[in-house]
Amino acid sequence: MLERLFLLLATLFILHAAFSTYDHLSHLKSIGKPEGALPYDIILEAVIGLAMGILGASLNAAPLKEVTWSSEMKTRSIDEMDARLGFANYINRGRKFLS
Amino acid sequence: MLASLPSALQTLANYRIHNTRASKEVVDKGKVLLDAQAASSLGDDAWAFLEQLTLAAIDVANYEVADECLRQLAAQFPGSPRVDVLSGIRMEATQPPEIALKFYDELLETDSSNAAIYKRRISVLIRIGKIEQAVTELSDYLDTFYTDVEGWVELAELYSSCNQYTSATRALSHALLLAPQNPFYVLQFAETAYTADDIPLAIKMFMLALDIIDRHASEESIPTGVSIRAWYGVKLCCRALSERSCSSASDTLLPKNLPLLDELSTERVLTAYSAAGKDNATGRELVLSWMGPSDRSGGRLHFVR
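Sequences listed follow chains A and B, in order.
If you count by UniProt numbering, then the first sequence holds residues 1 to 99, one letter each, in order.
If you count by UniProt numbering, then the second sequence holds residues 1 to 305, one letter each, in order.
What the simulated footprint calls covered on chain B by chain A, stretch by stretch (three residues with Cβ under 8 Å from a Cβ of chain A suffice, anywhere in the stretch; the number is not a length):
1) 50-62
2) 88-101
3) 145-154
Using 27 Å as the maximum straight-line C-alpha spacing, the simulated DSSO-like pairs for lysine-lysine come out as follows:
4) A/96 with B/130
5) B/204 with B/256
6) B/102 with B/130
7) A/96 with B/31
8) B/24 with A/96
9) A/74 with B/204
10) B/102 with A/96
For the record, the hints were derived by calculation from the structure and aren't laboratory data.
Think of the CB as a built atom: it goes at the ideal place given N, C-alpha and C, for glycine as much as any other residue.
Based on the provided sequences and hints, a complete structural model is requested.
Here it is in structure tokens:
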């Protein structure tokens, strides 16, 4: 829940910073000083958006899966390793009582 | 009933992945799916499901279901070698074995690269008791198809059934070459070596199996599943080595610190049986008495509750 909130806020901050930048640059162009510096609070807003986005994305990630070979082998059993299905015998005494 | 279709499909897919042979259950669930014509909704999995259902139906002698599945598969894949194998197995169920062997021979004459047919031939020979011929044919098959791990393990089982354990270890060594990361084959090798009375080799392979299984185990971890079996193996070997002098047919050196190994394996097995929350696992008393009083003494063994 918290993760989604962080991601949402981060998206909003970034979009707002982008819009403010566009707005500020068009203001500078209109007063004839197109080389003016960007106000520091827009930059701060963008950086805060980045940090919250990283935090939200990390918290929102799926649970980690095991990668080691030994953890994979722990999920197998001797019966399935011994199965040898190519040689399996399907003709057994069971057919006397099951059919 | 319709709501359980996806769960039935899920169970059957699980059986396919884990090579489980629960034939009665597969037929019960599969018959429902077959009647509901659900096979067409599965896409590519439908054919694997039909193959699984065919084999399970032959296993429980339900020949109508088997014939129906075979008919659908043959209609979809005419002249396929895999369907030929299934027809052969169906023939094995009702015809005498010689007819089935002749059928397989004819198939091999037309296409001698169909590995599965060789395996069916060998399976029929084992079933009718011609072990020597089966071993010869299996060795010839493995000369051509060397990378068939299943074949090497089957050869080892055949040798073990005739009490030729050193030949079985030789077959298993090929399986180990082909599947080096698989602790189950290492464990089988270790147990076969123990039976062949090559205790130093057995203890070395038990420890190799444990290395693969429990590579990332910490001191507090509790052994589960196959690792308990491997620790039992180490304990048995230590006991054999301390009771008599064992020579190794394969000239394997003994591990150093055998008493420490003995203690470690005792501790590991008893931890598995004494884990908290499992209060008094079945057989715990038996295991404790089998371990003997001398192994349980000593302040360092802290696990026994």
